[in-house]
Amino acid sequence: MSELETIIGIDLGTTNSLAATVLEHGPEALRPPGAEAIMPSVLSRSGQGWLVGAAAREERTRSPETTVYSVKRLMGRDAEYLADEIARLHYRVEPAMRGLVRVRIGEETFTPQELSAELLREIKRRSEEALGHPVAKAVITVPAYFDDSQRQATRDAGRIAGLDVVRIINEPTAAAIAYGLDQKKSGLVAVYDLGGGTFDISLLSLSGKVFKVLSTHGDTHLGGDDFDRLLAEELRQRVLAEHPGAELDSPLAAALLLKTAELLKIDLSRALETGYELDLPGQGLRASGRMTREELNELIAPLVERTLDSARQALKAAGKSAEEVQDVVMVGGSSRVPLVREEVERFFGRRPNISINPDEVVAVGAAIQGHLLAGGRRDFLLLDVIPLSLGLETLGGTFSKLIMGNTTLPAQAGELFTTHVDNQTGVDVNIYQGEREFVKDCRSLGRFRLKGLPPMPAGLPRINVSFEVDANGILTVSAREERSGTEASIEVIPSHGLTGEEIDRIMEDSYEHAMDDLNERQMVEFRNMADAVFRGIEKAWEDAERMLSSEATGMIRQQMDKVRQVAQGSDPLALKREMDLLGRMTQPLADAIISKAALTELRKFYEDTGSGPESG
Amino acid sequence: MDCMNKPLRPSASDGEDYFRLFGLPRSYAIDRASLDSAYEELSLSCHPDFFAAAPAPELAAARAKSTLVNEAYRVLSSDSLRAEYLLGLLAAGRSLDTRALPEGFLMEMLELQEELDELFPPESPPATDGPQAGQAQRMRGLVKERLESLLEERRKLFAGAGESPDEQILRGLQTNLNCEKYLNRLLERLEIIEQ
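Quick mapping for you: the protein sequence lines, in order, are chains A and B. Under this note's numbering, read the first sequence as residues 3 to 618, first letter to last. Under this note's numbering, read the second sequence as residues 102 to 296, first letter to last.
Extracted from the complex, chain A is given alone in its bound form (with noise of 0.2 Å):
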């Protein structure tokens, strides 16, 4: 086991990441000494650094436009889509280039990707402190029904953060692989896995050894936090109604109504009824309040039915019937709600199994899945499906599929085309994932430009498209002209996401950062190092003028003026050299005290246990 590499498994949540890894006696959740295995996913930018987790979750409520949460419903998304969610956030999203968006902190702007690769940098820091050793590669999740462009990012982030992904894997089959190995499983099996911030639900077939993904379907954007959401603003009206000259509208007071509407959510997963109280001490206003659970039912009510349409979209697909399931296994800290578990109890007329961890057992499955791509085992395997269709756009804007919905993974494509005028030498191809009908209402991919065709006359060329998707639900595009036998090049402009040079110039740059952050941190412990050097010298100075020659002593000042010199500056390593030749020079002084000390100290314990030293 020793000598297989450490993949370990992430899932990277809306509200909540975890690592896990499998040791020598099976799979578990990573903690570092004295801290939960569970992250919160909130960043708070503090000065040049960012504080990540337990401690910056603390700040929401204290600085709202610092603090970026959620940071998942952005990957791969464009301003017009997030409009609605951009409006909702209580920090600043801004469109950028491509389709992509920027958080604004200050002065500063952020890609979703770096500040995912924040989050990850963290779990990855914690891994190896839980671990003791050097994390290079991990098994990301994503939602089943993330598209081309959110699973890229996903990987992008992995990339900045400085780890290598081998692989993305969804987050519905990571369960399922913890689950059935873990239950020893066969048979039709759906897993409902309702998250902060994503809902996804898989049909999978489990016989013995292979864990074969029938269909998927889900939301990208429907989660516990909209439950959160929803309550937050009963909560509003309630204030209002109450108060209705109070201000609720600022960051900060939004801050707090959510922040009580999470904290009700959860009381009313155990309780019947419960109060509330809700403090804005900058208007002198405090509101109380009671609710109860059939309240809150009331209100998420539409949102848990627009999991159980997803849930009939993905029987449908599998050409499956809900009395055919034999296990449901319910994923995903919503999951916890109880009218959540009474519908799908209903929907499938069983007993959801609610046996596993619904928080641990992604990362977990995750770190299986990493355990057998390092070869760490061969007993099982895992056949994932592409959640959308890929496809084209042909003529009219009407969208041919190539790869449909729900195809086991790794797939593959082909297509032929042509040219339609004379010595044309390229062909624009667009690329669209998604169900329906016509391109405008599916997902832009990317757009391939198809170039350095051989001229001939139109309609000649024969370009052999190849359309596939490996294992993680990742496209490559690949072309040959076969008259001519070259290979056309092709040029991928992501509509949104990074480009490689992008993520190249974000690496160098978080490179350069971590650079100065290490050199920043460096001098800081060189001087705090000096000071406490110089008052060891100051306080044995009068020893010093005693033992040593007054060209020593001066020489020593001397140098010690050259430390003050060099501790202004911000070259660690020059202070670090000024640093080692004072030691050098007081060297004979620390020698001599310590000696003195130690003479001292020898003297006293034979004075006190009345015998002395035998001899000199």
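Calculated from the structure, these hints are not laboratory results. Only a predicted model underlies this, so the values are computations on that prediction, with no experimental measurement involved. Don't take each hint at face value.
Said to hold, decoys possible - Listed next, the in silico SDA-like pairs over lysine to any residue satisfying Cα-Cα at most 20 Å (straight line):
id: 1; chain 1: A; residue 1: Lys211; chain 2: B; residue 2: Ala139
id: 2; chain 1: A; residue 1: Lys211; chain 2: B; residue 2: Asn285
id: 3; chain 1: A; residue 1: Lys318; chain 2: B; residue 2: Arg175
id: 4; chain 1: A; residue 1: Lys139; chain 2: B; residue 2: Ala155
id: 5; chain 1: A; residue 1: Lys403; chain 2: B; residue 2: Asn285
id: 6; chain 1: A; residue 1: Lys318; chain 2: B; residue 2: Leu248
id: 7; chain 1: A; residue 1: Lys211; chain 2: B; residue 2: Phe152
id: 8; chain 1: A; residue 1: Lys322; chain 2: A; residue 2: Leu310
id: 9; chain 1: A; residue 1: Lys211; chain 2: B; residue 2: Ala163
id: 10; chain 1: B; residue 1: Lys166; chain 2: A; residue 2: Leu310
id: 11; chain 1: A; residue 1: Lys211; chain 2: B; residue 2: Ser138
id: 12; chain 1: A; residue 1: Lys187; chain 2: B; residue 2: Asn285
id: 13; chain 1: A; residue 1: Lys139; chain 2: B; residue 2: Leu145
id: 14; chain 1: A; residue 1: Lys318; chain 2: B; residue 2: Gln238
id: 15; chain 1: A; residue 1: Lys322; chain 2: B; residue 2: Ala153
Given chain A's structure and the hints, the job is docking chain B onto it.
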């Protein structure tokens, strides 16, 4: 857009047919259990996840093989895709008319379409209950019945086809497949209406 709309099968050039790949006889009738277990076995031997740490050429070969196995399974496990694929093998290069339909079939389909258009104008809300839902159900029953008899006819044609069937059987099979496409499109529309 300069697309010629000709799908390419990964198997087209490598000379191996899907049936042989799965160790199954080249026939329309298929043993699902054998197909499934052969698929699992092949997947377990060539899925790229087992070659993640292998040298690049080995990984690429595994990916190509696994892609082929997935495509073969997709085709063989679907009645219509399997029929179409087998017909292609049996026709061995002879071209068949993919638009040929039995006499009167097109007229019948058009009448059904018109009836549907009248009952459920394009922008009408879904018919989940009421007399319209009853109509939709009745029509669905009709279409399903026609599909059943098409499948029965197909089974008979393939059973009598042998290794190298004559032109007439091939044409009969092609026409059978053409009809199925029309009926499936109708069925799809009825399902949308009923949702």
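Here's how the hints hold up against the structure:
A hinted pair counts as satisfied when its Cα atoms are at most 20 Å apart, and A:Lys211 with B:Ala139 qualifies at roughly 13 Å. The straight-line distance between the Cα atoms of A:Lys211 and B:Asn285 is roughly 35 Å, outside the 20 Å bound, and the hint therefore fails. Of the supplied pair hints, the one linking A:Lys318 and B:Arg175 holds, its CA atoms being roughly 17 Å apart against a limit of 20 Å. Between A:Lys139 and B:Ala155, the direct Cα distance comes to roughly 16 Å. Compliance with the 20 Å bound is thereby established for this hinted pair.
Simply put, A:Lys403 and B:Asn285 have alpha-carbon atoms about 17 Å apart, close enough for the 20 Å limit, and the pair holds. A threshold of 20 Å between alpha carbons decides the hint, and for A:Lys318 with B:Leu248 the separation of about 19 Å falls inside it, so the pair holds. The hinted pair formed by A:Lys211 and B:Phe152 meets the criterion: a straight-line CA distance of about 17 Å does not exceed 20 Å. Between A:Lys322 and A:Leu310 the alpha-carbon distance is near 15 Å, which keeps this suggested pair within the 20 Å criterion.
With a C-alpha separation of about 19 Å, the suggested pair A:Lys211 and B:Ala163 falls inside the 20 Å cut-off, and the hint holds. Between the alpha carbons of B:Lys166 and A:Leu310 the distance comes to roughly 37 Å, so the proposed pair goes past 20 Å and is violated. A C-alpha spacing of about 11 Å is found between A:Lys211 and B:Ser138, which places the hinted pair at or below 20 Å, so the restraint holds. The suggested pairing of A:Lys187 with B:Asn285 is violated, with an alpha-carbon distance near 36 Å, which exceeds 20 Å.
Using a Cα cut-off of 20 Å, the hinted pair A:Lys139 and B:Leu145 is violated, with the two alpha carbons roughly 24 Å apart. Taking the CA atoms of A:Lys318 and B:Gln238, the gap is near 18 Å; set against the 20 Å cutoff, the hint holds. With a C-alpha separation of about 33 Å, the suggested pairing of A:Lys322 with B:Ala153 is violated against the 20 Å cut-off.
Of the hints listed earlier, those the structure fails to meet are numbers 2, 10, 12, 13 and 15, in rising order.
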